[in-house]
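With the sequences and hints as input, model every part of the structure.
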Amino acid sequence: MDLIRSHVMVCGGTGCTSSNSAAVIAEFEKQLTAKGIDKEVKVVRTGCFGLCEAGPVCIVYPEGSFYAHVKVEDVERIVEEHLIKGRIVKDLLYKGAVKEDNTIKSLDKVDFYKKQKRVALRNCGVIDPENIDEYIAFDGYQALGKCLTEMTREDVIDVILKSGLRGRGGAGFPTGLKWKFAYNSQSEKKYVCCNADEGDPGAFMDRSVLEGDPHAVIEAMAIAGYAIGADQGYIYCRAEYPIAVKRMQIAIKQAREYGLLGKNIFGTDFSFDLDVRLGAGAFVCGEETALMTSIEGKRGEPRPRPPFPAVKGLFGQPTILNNVETYANVPQIINKGWEWFASMGTEKSKGTKVFALGGKINNTGLVEVPMGTTLREVIYDIGGGCPNGKKFKAAQTGGPSGGCIPASELDIEIDYDNLLAIGSMMGSGGMIVMDEDNCMVDIARFFLDFTVDESCGKCAPCRIGTKRMLEILERIVEGKGEDGDIEKLETLAETIKATALCGLGQTAPNPVLSTLKYYRHEYEAHIYEKRCPAGQCKALLNYKIDPDKCKGCTLCARQCPANCISGKVREPHVIDNSKCLKCGACMEKCKFGAISKG
Amino acid sequence: MKSLAELQAIRNRMLEQVNMRKDDNIDTRVVVGMATCGIAAGARPVMLEFVEELKRRGLDNVTVAQTGCIGMCRLEPIVEVYVKDQEKVTYIHMTPEKVARVVNDHIVNGRPVDEYTIGAQG
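In order, the protein sequences belong to chains A and B. With the numbering used here applied, the first sequence corresponds to residues 1 to 598, in that order. With the numbering used here applied, the second sequence corresponds to residues 1 to 122, in that order.
Hint data in this document are derived by calculation from the structure and do not stem from the laboratory. Here the structure is a predicted model, which means the values were calculated and not measured. Keep in mind that a hint or two might mislead.
[To be verified] Derived PhoX-like pairs: lysine-lysine, alpha-carbon spacing no greater than 25 Å straight-line:
hint	chain 1	residue 1	chain 2	residue 2
1	B	2	A	336
2	A	114	B	84
3	A	99	B	88
4	B	88	A	109
5	A	99	B	84
6	B	55	B	84
7	A	146	A	180
8	A	85	A	95
9	A	551	A	591
10	B	2	A	253
11	A	71	A	85
12	A	35	B	55
13	B	55	A	42
14	B	88	A	105
15	A	263	B	2
16	B	55	A	39
17	A	90	A	71
18	A	517	A	391
19	B	2	A	146
20	B	98	A	39
21	B	88	A	85
22	A	517	A	488
[As the list claims (entries may be wrong)] Label-pair ranges, simulated between beta-carbon atoms:
hint	chain 1	residue 1	chain 2	residue 2	range
23	B	8	A	460	57 to 65 Å
24	B	5	A	316	38 to 46 Å
25	B	73	A	585	56 to 64 Å
26	B	40	A	268	58 to 66 Å
Using N, Cα and C, we set each Cβ at its ideal position, and we do this for glycine too.
Structure, rendered in structure tokens:
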């Protein structure tokens with residue numbers, strides 16, 4: 001450990017782990033030992049760097065060289081060339097990091113990172129999440145120390161209030177206010193909970209924070225405990241996040257060993273401890289009352305509010321529940337002051353927001369941008385646009401509770417209020433990008449299918465209402481839509497929104513309402529013209545061969561799994577649409593562009 | 001953890017280990033030529049000596065990096081020192097014994113060791 005001159009940071013987040021980064025780490029260690037430089041080069045398994053598309057990724061310091069798509073067989077070259085001879089292996093670098101003149105850009109100049117501001121993710125990819133000392137080296141637990149020794153409980157709440165921090169789980173409730181309510185509730189016992197039950201399809205912000213910087217969450221929860229007067233906290237995390245759970249458990253153990261959790265922290269009379277509770281992955285358990293019921297060991301079902309958790313929450317005691325990303329901001333607000341945090345963002349939405357970019361986008365991954373960044377910057381400057389030169393159609397935010405932002409709103413400044421105003425919502429940060437090939441009716445059907453599956457069944461509007469909506473949508477995409485279906489969908493949606501018990505039901509119609517708002521013509525095309533404008537809904541698709549372009553090469557007929565293409569050699573072929581499976585294999589193979597769908 | 005001082009002690013101990021990952025506080029870069037020619041001429045012990053000397057003195061604002069061949073193989077081991085906002089200084093025929101003086105005179109006190117530089121070769 002004495003002569004470390006270089007650090008090799010390899011991503012050990014879920015994304016890169018699934019693209020085999022564990023084997024890359026093992027190979028680095030093997031190669032370094034074989035070359036006798038294992039005492040001077042350190043390999044660190046970190047959390048997510050954000051550029052999951054380029055995984056497995058690794059950064060070599062002090063040069064800051066960013067290697068992408070690292071394969072086990074590439075490791076020997078990196079060790080041999082870069083770590084021994086100091087020659088950066090340019091052809092293995094992330095493409096965006098090499099300039100046109102073949103020189104290398106520093107990491108913060110790379111397009112993907114240039115416009116980002118990493119606050120909640122500041123330690124992800126920088127520290128070893130399984131080593132508390134590294135977190136401490138990056139100012140870890142300073143904020144907790146400051147709170148306990150220099151600040152009163154009221155001071156802490158005041159700083160969080162003034163910073164303008166709002167809940168990152170979706171609804172955007174002011175965090176300081178939540179803490180204040182719980183502080184004002186009189187009780188012997190209070191609880192601090194962390195919502196790590198990230199369930200939106202395609203969202204993985206919280207997982208990455210837990211995997212990359214678990215101590216930040218622990219520290220923030222201890223600060224919250226001090227502020228409201230709680231001595232016990234629970235992190236509710238889904239069991240589908242094994243790496244996050246494991247790292248969190250390691251982190252809690254280390255914090256206990258250092259006395260940063262437990263009795264009389266920093267020699268004060270404040271005591272606080274934490275436990276992880278595993279969820280079985282039910283989407284409804286991300287709703288606060290259902291989550292607490294689940295922690296209590298009961299079936300995860302929501303209950304009506306009020307009473308709000310700040311008054312009567314976990315085990316009937318005053319409780320605060322914040323999202324992982326919200327907590328990840330807290331220590332830095334204490335350290336750097338509320339003015340620093342409030343200086344970022346827009347008037348009513350301060351700080352930054354992490355988004356999980358997915359779908360039809362080049363740079364799939366995790367991005368953190370200041371509030372008020374435009375959607376265009378996120379999609380094009382950071383995300384690199386849609387693959388294969390396709391046209392951007394919409395971005396879906398807020399998952400099954402949110403809605404679509406159409407291409408016409410690309411210049412919207414992303415913050416809580418702007419997104420609500422156009423019928424979407426911030427949500428926890430999933431951002432699914434859709435291009436011209438996506439059918440918006442089918443997207444709405446997908447999300448409804450999800451909520452129908454995940455509805456807990458306690459209240460009728462959600463249990464029955466969403467099911468009816470799904471049936472109508474399925475009918476429409478199958479080409480059996482009827483006049484009046486759109487109106488029925490609208491009535492159902494408004495009723496469910498107004499009457500469902502919890503957030504899941506109240507927001508479930510949003511994907512339908514927002515697609516209806518911007519893409520009503522697509523619904524109408526499905527129903528009245530029996531046509532899918534995006535060419536996605538198989539039941540409405542017809543493949544046609546243009547007799548003028550067809551040369552009669554028979555390639556398509558040989559490809560067709562249903563044997564429904566017929567014709568003589570060198571004569572135009574025809575597709576029998578009654579037998580066609582709409583698989584598209586013929587269209588892919590045709591060398592003359594004679595086959596079209598529509 | 002019974003006091004802030006304890007936390008500070010861990011932080012200070014760890015800082016030197018992780019400092020190279022922070023870009024903002026690096027003022028000086030020591031770049032050692034480590035191509036085949038450099039290695040053959042003994043660049044490795046020189047580089048290791050730099051790392052050790054900087055650590056001994058607790059200089060956490062200096063990084064040691066490697067580079068390839070700059071074309072003057074006969075002058076290896078070559079070490080270039082980049083102090084922020086100053087012109088780089090190129091040292092030639094470096095040995096582990098010369099390292100302490102470069103660190104002391106140049107990096108700490110801002111006076112390049114002229115007799116070791118390429119300029120002294122004439």
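For each hint, the structure was consulted:
Of the supplied pair hints, the one linking residue 2 of chain B and residue 336 of chain A holds, its CA atoms being roughly 24 Å apart against a limit of 25 Å. Distance check on the hinted pair: residue 114 of chain A and residue 84 of chain B sit about 23 Å apart at the alpha-carbon level, within 25 Å; holds. Among the hinted pairs, residue 99 of chain A with residue 88 of chain B is consistent with the structure: their alpha-carbon atoms are about 23 Å apart, no more than 25 Å. With a C-alpha separation of about 23 Å, the suggested pair residue 88 of chain B and residue 109 of chain A falls inside the 25 Å cut-off, and the hint holds.
With a C-alpha separation of about 23 Å, the suggested pair residue 99 of chain A and residue 84 of chain B falls inside the 25 Å cut-off, and the hint holds. Taking the CA atoms of residue 55 of chain B and residue 84 of chain B, the gap is about 20 Å. The hint holds against a cut of 25 Å. In summary, the hint linking residue 146 of chain A to residue 180 of chain A is supported, as the alpha carbons are separated by about 19 Å, within the 25 Å threshold. For the proposed pair residue 85 of chain A and residue 95 of chain A, the alpha carbon gap of about 22 Å is at most 25 Å, so the pair holds.
Between residue 551 of chain A and residue 591 of chain A, the direct Cα distance comes to roughly 10 Å. Compliance with the 25 Å bound is thereby established for this hinted pair. Between residue 2 of chain B and residue 253 of chain A the alpha-carbon distance is near 17 Å, which keeps this suggested pair within the 25 Å criterion. Taking the CA atoms of residue 71 of chain A and residue 85 of chain A, the gap is near 20 Å; set against the 25 Å cutoff, the hint holds. For the hint pairing residue 35 of chain A with residue 55 of chain B, the CA-to-CA distance comes to about 23 Å; that is within 25 Å, so the pair holds.
At roughly 16 Å between alpha-carbon atoms, residue 55 of chain B and residue 42 of chain A fall within 25 Å of each other, so this suggested pair holds. For the suggested pair residue 88 of chain B and residue 105 of chain A, the alpha carbons sit about 20 Å apart, so the restraint of at most 25 Å is met. A distance of roughly 10 Å separates the Cα atoms of residue 263 of chain A and residue 2 of chain B; the hinted pair therefore holds under the 25 Å criterion. Distance check on the hinted pair: residue 55 of chain B and residue 39 of chain A sit about 15 Å apart at the alpha-carbon level, within 25 Å; holds.
For the hint pairing residue 90 of chain A with residue 71 of chain A, the CA-to-CA distance comes to about 15 Å; that is within 25 Å, so the pair holds. Only pairs whose Cα atoms come within 25 Å are accepted, and residue 517 of chain A paired with residue 391 of chain A is accepted, the gap being roughly 20 Å. The straight-line distance between the Cα atoms of residue 2 of chain B and residue 146 of chain A is roughly 13 Å, inside the 25 Å bound, and the hint therefore holds. Between residue 98 of chain B and residue 39 of chain A the CA atoms are separated by roughly 23 Å; this keeps the pair inside 25 Å, and the hint holds.
At roughly 21 Å between alpha-carbon atoms, residue 88 of chain B and residue 85 of chain A fall within 25 Å of each other, so this suggested pair holds. At roughly 15 Å between alpha-carbon atoms, residue 517 of chain A and residue 488 of chain A fall within 25 Å of each other, so this suggested pair holds. At roughly 59 Å, the beta carbons of residue 8 of chain B and residue 460 of chain A sit within the given window of 57 to 65 Å. Between residue 5 of chain B and residue 316 of chain A, the C-beta spacing of about 41 Å keeps the proposed range 38 to 46 Å intact.
Remark: the range hint 56 to 64 Å for residue 73 of chain B to residue 585 of chain A is upheld by a beta-carbon distance near 60 Å. A hinted range of 58 to 66 Å holds for the C-beta pair residue 40 of chain B and residue 268 of chain A, which are about 60 Å apart.
Going through the hint list in order, the structure satisfies each hint without exception.
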